[in-house]
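As they're listed, the protein sequences go chains A and B. Under my numbering, the first residue of the first sequence is numbered 986, with each subsequent residue one higher. Under my numbering, the first residue of the second sequence is numbered 353, with each subsequent residue one higher.
Since the hints were derived computationally from the structure, they do not count as laboratory data. Check each hint, because a few of them may be wrong.
So, partial list: chain A residues that the calculated Cβ filter (under 8 Å) puts toward chain B [claimed, not checked]:
| hint | residue |
| --- | --- |
| 1 | A1040 |
| 2 | L1042 |
| 3 | F1066 |
| 4 | V1072 |
| 5 | W1076 |
| 6 | Y1117 |
| 7 | H1179 |
| 8 | S1182 |
Cβ atoms here follow ideal geometry from the backbone N, Cα and C, with glycine treated the same way.
The lines below spell out each chain.
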Amino acid sequence: MSGVIAIDSVSKVFATRGDNVEAVKDLTLTISSGEFLSFVGASGCGKSTLLTMVAGLVPVTRGAIRIDNRVVTQPQTNIGFVFQEPVLLDWRNALDNVMISVESRNAPLDDYREKGRRLLQNVGLSGFEDRYPYELSGGMRQRVSICRALLHDPPVLLMDEPFGALDALTREQLMLDLLKIWQERKKTVLFVTHSISEAVFLSDRVVVLTQRPARIQEIIPINLTRPRNLKLQQSIEFSAYKDRIFEIFKAQGILRE
Amino acid sequence: MALVYPIASLVFLLATWQAAVVAFDIKPFILPSPGVVFRLIVDRYDVLLYHSLVTSYETAAGFLLSALIGIPIAAILVTWRPAERLLYPLLVASQTVPKVAIAPLFIVWLGFGFLPKIIIAFLVAFFPVVISTVVGLKSTPLEMLLLGRIVGFSPWQMFCKISFPRALPEIFAGLKVAMTLAVVGAIVGEFVGASEGLGYLLMFGTAQMQTPLVFAAIVFLIIIGVLSFGFIQWCERLAIPWHVSIRRDELRVVSA
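Chain A with its partners taken away, still in its complex shape (with noise of 0.2 Å):
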């Protein structure tokens, strides 16, 4: 199996004008192949800088991440990243955008061209694979990003809040589709967010993170049964995990009431 993320006590100091800033401290963690991880806390606590060094888009200033027993030293070509922002090239069709992911590749591109179509088609986005991004709405260039990321078929996929900027509609759609190319496909997920309900209803564990640095405050393992779906969001367990999560966030300070 493959997709094994070891983080071994990684800490990471931004050097800024005067003082060092700690974003991350110290954090030990390993997900599992097939893991659906969430890493959630408040905005600036560090967790969007954990994932670009996962990715190997940031180095670390102490400690190691290894995928499947590789150091992370460069930008991983192999992992799929998915933006905030979808982050499409404004100047490229759907599938070309897709596509991307392969054109530095010696890869016969055909191939992945009638993949990259498939994909697109998985997301509800057939017939849409030569519009603009301009043609297009937010969660419909949000599931082409998700595509994009997807087309090398690579065994871990980063996020980094690809919700957040959606509305609530599209958002609960976008949860499900990316809950269904999970199971199929049975991918290593690190998931950021902000949101309490997304980690909980995507995740197979959810790490709450500290105000910054970023330490794990909790590991909480969510066994919720799968495949999950919208009504889930209304039982006990489900309300269970989140009240959870939001006593630590009270117990932090973050939430007051």
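Starting from the known structure of chain A, fit chain B onto it as the hints suggest.
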């Protein structure tokens, strides 16, 4: 339908002009009436067209040079730090020198042919291309750069597939300015020393008190300017249909 307003204002202007010349009995060498100018254009269209072609050629060549040299220079300035420090002050300094002042030098160095005019047109036109391309290439959003790195783009791919296409709106803004300036450059070159071209015709007409000829030459200059600007705008529409500046125009057309 969209042409009704500009045509109406033009007709009004010309009618007022014609009426004023007739009413006040103004001599043609002071201010020729539109009718006189029009008759001259009809009679001497072959001469005017010939000189227009000369100026168009110089303008087009100067403009192309400014694009072909200006855009790569900007790319080097943006990607290679020492170049910015080496070249930028020089570029800026070169722009503070009035081109009219150095134009005679090019005639001395390169003679009376096409080349000095092309070079002056280039010198006048290339700076806005450089400036706007630099701005465009520097404005790539951070997320796009991260995306490029995560999909494994080399620096060259990053430039070709992300930074450069993203900078096209700014580059076209620079090219449009450059196009109008290239016409000015070519005319300045012809003023200083030429035996053909609209700039030569202007000088000749003024010296001979053939004011209607001067006006006819100006009409052709305007036509060159408008056509060349329109051409760049047409290229822009083809090149960046996705950009908001183009789409706004489309929206306006729809609502009109």
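Hints, verified against the model:
For the restraint placing A1040 (chain A) at the interface with chain B, the shortest Cβ-Cβ distance is roughly 6 Å, inside the 8 Å limit, so the hint holds. The interface hint given for L1042 (chain A) is met, as the beta carbon of that residue sits about 5 Å from the closest beta carbon of chain B, less than 8 Å. At its closest, the beta carbon of F1066 (chain A) sits 5 Å from a beta carbon of chain B; the interface hint therefore holds under the 8 Å criterion. Given the 8 Å rule on beta carbons, the hint for V1072 (chain A) holds: about 4 Å separates it from the nearest Cβ of chain B.
At a threshold of 8 Å, the smallest CB-CB gap from W1076 (chain A) to chain B is about 5 Å, leaving the interface hint in force. The interface hint given for Y1117 (chain A) is met, as the beta carbon of that residue sits about 5 Å from the closest beta carbon of chain B, less than 8 Å. Interface hint at H1179 (chain A): violated, since its Cβ lies 18 Å from the closest Cβ of chain B, which is beyond the 8 Å cut-off. Hint status for S1182 (chain A): violated, given a least beta-carbon distance of 26 Å to chain B, over 8 Å.
Violated hints, in rising order: 7, 8; the structure is consistent with all others.
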